[in-house]
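Below are the chains, spelled out letter by letter.
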Amino acid sequence: MDREKLFKDAQDIIIKCDNDRVEEVAKLALSEGIEPLEMINEGFRVGITKMGDLFERGEVFLPELIQSAEVMKKATDILMESLPKGIDTKRGTVVIGTVQGDIHDIGKILVVTMLQANSFEVFDLGHDVETEMFIEKAKETNADIIGTSSLLTTTMKYQKELEDELKKSGLKGKFKTIVGGAPVTQRWADRIGADAYAENASTAVREVQSLMGS
Amino acid sequence: MQKYATRMGDGFRVELTEDEIKQDIEEGTNDASEKGKIEPLSKDAQNRLLEIFKCPDKSVGVERGSEVILSYDSGTTKFKRANVSVSKIQSLQIYERLIGADTLELAHIDYSFKPVKPIVVFEQPILEQALLMTIPPLFYGAMPNLGLYSQPDGPCENPADLLPKGKISEARESYEKQIEYAVKDMVYVGGQMYEAGADGINFDTTGAAGDAEFLAALKAVEILREKYPAMCIQMGMAGEFVLGMHGELYYDDTRLAGLYTHGQLELAQKAGVTIFGPTVNIVTGKSLPWNITRAVTFTKACTDIATIPIHACMGMGVGGVPLTLSPPVDALTRASKAMVEITRLDGL
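If you're matching them up, the sequences are chains A and B in order. Sequence positions in the first sequence follow the numbering used here and run 86 to 299. Sequence positions in the second sequence follow the numbering used here and run 24 to 371.
Calculated directly from the structure, the hints in this document are not laboratory data. Owing to the predicted nature of the structure, the values given are computational and were not obtained by experimental measurement. Treat each hint with caution, since some may be false.
[Unchecked claim] Listed below are the simulated BS3-like cross-link pairs for lysine-lysine, each with C-alpha atoms no more than 30 Å apart in a straight line:
1) B:K188 to A:K112
2) A:K101 to B:K60
3) B:K140 to B:K58
4) B:K207 to A:K135
5) A:K135 to B:K60
6) B:K60 to A:K93
7) A:K93 to B:K188
8) B:K58 to A:K93
9) A:K158 to B:K188
10) A:K242 to A:K259
11) A:K242 to B:K60
12) A:K93 to A:K175
13) B:K309 to A:K222
Just chain B, same shape as in the assembly:
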């Protein structure tokens, strides 16, 4: 029986028969449907995915005219991680002129709002220079990163120390205090960089520390939107599901813990976000047909209801791309093609 090359979520190469791929596609969409209480993909969409996975080409792409915007996050930190010695502005020029990026993003190496606060005056002139030397919209990006507001990195007691001791109310109080600190930092940095000329602010990996972090980001967006009505605000999420680390936090009467992609989008829209990036994490023990289909199903639940552009987060361990240090091209292009063709989103 003919087998088709694919991978597991950890990047391990495997070969599956057509029936096995079909089964994984069906199980992947059903998993998303059951967990997110959303519609599974239609049979037509499942068959289209099957064709993508059966295609013998190493890399695949979309038809002419179906291309979408490519927005890149944390653009000025990634080359440095690969030990390529380029400046921030050179990084942005490489993204613009060599990689084909449609938007650019300036970022500090720590990539969190809190550490940018004391150096924002050093970031502003770099942004001004970059604006003069590049053409695409230029974002300033960072992560809310609530972990930096608890000990040992911040002033609040660490909920991860309090929770195992059964100190639930103390842990919740700590999260609530952290929200206040984080909102101040995000509003300050976002406002400063916007006033220096940034075309937009990106809240990246939002909700990584759970529901408290998501609430902090929503509040910050709300404040920035009111102060700067024309500001473009992009919000990329940390996962398809908001972890209930606090458990009792609400935004506009909606409990944040346990929200899946489409629920996250609705609140982000309400708060004033202008581009939303749904994120679906990889399950390493499942195949790519399972993972990509699951990610597409969750993302489609967003594109079906969105009133703002959707740019799905795709990369190491998210959006159906395997959790490997360098995403394999066969997996990355299949995940991208599937996202574009099935969900009809606006960007990656």
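Excised from the complex, chain A in its bound form:
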């Protein structure tokens, strides 16, 4: 079967949240000799990126985005199973949460969904997370990146507190940081010394990839 056709099918499966066809297409790709990672990158991941863009444009909504991410996970699991044991395909580890005093979760959940769909290992600490919990979890999981979300102008200060604590404990270079949330801007990120700022979930994936150098 035509490789391009298989890649296109994979994209369509993600965009249509087609859980019924995902196994068939993933296995067909393997039987046609397509490398698992190539099938993910050229097919399924293109689909999930398009879904992210459609979500940002208000053309698809949260439940569809989450359903697509579930289909993406199933595809990734099937394709990864075919790789020899010991090959680590994860693109990085991210510890993420909404900062102390802030219970706004939805934007952060979207970022988690999109990062997971893009093969990042994500430890979601939820909301109202104290600064030291971010650091402890990052140490425990040997994370690459700590992501913080803040929707309130009154809780943004905890993003700065994280930067200050990382500097104080000599961990600033070890863990990269990314910040987001409605009142947060690139200027705020620069001011507090965060390594990256993301305006939305799609940008968050791009920024995290960039921080990982991939």
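Dock chain B against chain A, hints included.
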């Protein structure tokens, strides 16, 4: 090259050249046009906005005769937030006699329908007293606030817990149950306060929790309108776009998820709303010329088709006003002037 003082959406002061302002105005209106599938502002309107942003005055205003009604939401909670120790009735008197408010609004400090339900009998006598001591129309206002109907604050499972686990149908069921509870509370509180003498009921920040909350408010309005045909019902929205948290909810065959201001207005009119407040949220990383123009474009799409009065929501982070704790006067007055002069709306 001459530069003009303005701000970013987060209130940060910047200076832009005329060309930069022009470009931001054009991009702001095009952004609204593309997203809302509405007409961008005409070149004349864009030039008028340019003049407003180039004006060196710190605060600006409209010409005599072009003033619009100033209706204020949540009037009895705002002074308390600023740690000013005044009673509810004193707050309303300050709005009436010192601030120049054309309508007043009594509200409970929680500003949500659900917590008012058990204390409605305490709110009614305050309303009765306030009616005797003030002249402008007096609303009772609260937010639908669907978040209070899911755990840990309410009986339903929290969709924000269910969705990340992929439990889409369970999350949707929870939203549908929450709608039932919220409609009951809004109808009860709205009816009780109207019968106590309120001139109108304000559904504020509608749709903040997404499409399910918007549907709950529309249903409540429908019931109240049928029961009280003369009731004034004001609906202020939470944003220019209805979030699709459920995604499959419809009102009168119209999918609620993804509706922009003019689509929201059409359904609100149909349900029985008598004053509509379109809300356009600020984008903190963009300039005020971009944000105000975008907000004006979305609002004009409402005033062009409205059969009811339009009172645009203006304030911290909405209507082109920066997201700062105290809105800067230069930004607030420019956003207000732009709204009034370009959209020809009925009130702010």
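These are the hints, each one checked on the structure:
1. B:K188 to A:K112: Given pair B:K188, A:K112 holds - Cα atoms ~26 Å apart, limit 30 Å.
2. A:K101 to B:K60: Holds. A:K101 to B:K60 sits at ~24 Å (cutoff 30 Å).
3. B:K140 to B:K58: violated (38 Å)
4. B:K207 to A:K135: Violated, at roughly 40 Å.
5. A:K135 to B:K60: Judged against 30 Å, a Cα distance of about 20 Å means the pair holds.
6. B:K60 to A:K93: holds (29 Å)
7. A:K93 to B:K188: holds (28 Å)
8. B:K58 to A:K93: holds (27 Å)
9. A:K158 to B:K188: holds (12 Å)
10. A:K242 to A:K259: Holds, at roughly 22 Å.
11. A:K242 to B:K60: violated (38 Å)
12. A:K93 to A:K175: holds (24 Å)
13. B:K309 to A:K222: Given that 30 Å is the threshold and the Cα spacing comes to 34 Å, the pair is violated.
Figure legend: structure checked against the earlier numbered hints; hints not met, in rising order: 3, 4, 11, 13.
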